[in-house]
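Residue strings, one per chain:
Protein chains: 2
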Amino acid sequence: MEFSSKLLERAVNEMAQLPGIGKRTALRLVLHLLKQPKEQTEQFTSALLKMREEIKFCKKCHNISDVEICDICSNPSRDGSVICVVEDIRDVMALENTGMFKGLYHVLGGKISPIDGVGPSQLNINSLVEKVKSGAVKEIIFALSSTMEGDTTNFYIYKQIKDCEVITSTIARGIAIGDELEYADEVTLGRSLIHRIPFENSLKNM
Amino acid sequence: MEFSSKLLERAVNEMAQLPGIGKRTALRLVLHLLKQPKEQTEQFTSALLKMREEIKFCKKCHNISDVEICDICSNPSRDGSVICVVEDIRDVMALENTGMFKGLYHVLGGKISPIDGVGPSQLNINSLVEKVKSGAVKEIIFALSSTMEGDTTNFYIYKQIKDCEVITSTIARGIAIGDELEYADEVTLGRSLIHRIPFENSLKNM
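So the sequences go chain by chain: A and B. Sequence positions in the first sequence follow UniProt numbering and run 1 to 206. Sequence positions in the second sequence follow UniProt numbering and run 1 to 206.
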């Protein structure tokens, strides 16, 4: 792409660094900002800058928060002895939307992924192990995505806490509610047979 | 979507104002910026702000430019008597990529579109009509997109310059090179019959 303006080119190149945004889309977005009043660009950039500079992470669960201890961790009606281990804030939001979980979260900030250069030391794993070793935790629920990286991360943490007195579980894998059996992949279908549940239990929360 | 942080929420809402970016995508992009070094967000926002504040439009063709008269308009080897009328800078870039056009451009900045609240007065139409009336232009080539808005804009301009001594043309509409006939829409196929070209002419520039 050849640009008639260096200012435009720089803006497009910066926009195209966002994941999933190609050069063409970046140009479309930047031209949109040019057509809108100058104030929109000012508000947009100041919101991003302010967030990047002032954002805090909860000291207990490492979730994004505007205060030292987030609303979930500081809620006295939640059960601090059950901790759900997730990758990032989107998983917390998804789980909170279900309204099914009354424990606390622990946000790892990613998954172990050598290909992306993410090792255990870059994740919030040590503080989780310390929490477990302190004896205040009864159950750890792994809720990472069902990928090789997710499984690796689960197992890495499990090895460090398996000698502690703590129950460990993972969220159920199986056929999604509403899914047709014939379109399910073999691995999921096979595991859903092995981990079948008593029919009476499956009637809960319907 | 419920956010645990107002800073995050504001950043996501601003990001989601960009066209084609929904709330989920906006959250993904904002979280990406949070994972990257602070400098990336600073460079990104400063590039956008600087562009929005300092960008200039060429005084002759209204294309985006860093100088008063853009590189194309100030190029003495280009033919100022042929003017190609386009919607925005992307069309200029696309046409320049063909290497087939040696005239100048006139960037309207949009199309007449009552639904979007865009009338003729918001577009760079008057300056085009003045250019034509000054007598320095021999041919006007309309290269707007082939939509109702594009056709309306073409016709609006045509009405104002049809009494001047100027040739008006539009770029050819027809079956794209490499396209299968059976998948072409009826209107395009029908017009490609009406506006058929002598076979010898079709061999040019192959």
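A couple of the hints might just be wrong.
The list makes no distinction among identical chains, and a pair is therefore deemed to hold if it is satisfied within one copy or across any two copies.
Think about it this way: if two alpha-carbon atoms lie no more than 30 Å apart in a straight line, the pair counts; the simulated BS3-like pairs of lysine-lysine are [unchecked claim]:
id	residue 1	residue 2
1	Lys138	Lys6
2	Lys159	Lys59
3	Lys59	Lys6
4	Lys159	Lys35
Honestly, the hints are just simulated from the structure, not real lab data.
Okay, the hints, checked on the actual structure:
Taking CA atoms no more than 30 Å apart as the test, Lys138 paired with Lys6 passes in neither setting, with 59 Å inside one copy and 32 Å between copies. Proximity of Lys159 and Lys59 under a CA criterion of 30 Å is satisfied intra-copy only: 24 Å inside one chain copy versus 69 Å between copies. Taking the shortest alpha-carbon separations for Lys59 and Lys6, only the inter-copy value of 17 Å comes in at or below 30 Å, while the best intra-copy value is 43 Å. With identical chains, the CA atoms of Lys159 and Lys35 are at most 30 Å apart between copies only, with a shortest distance of 27 Å across copies and 55 Å within one.
Checked against the numbered hints above, the structure breaks only hint 1 and satisfies the rest.
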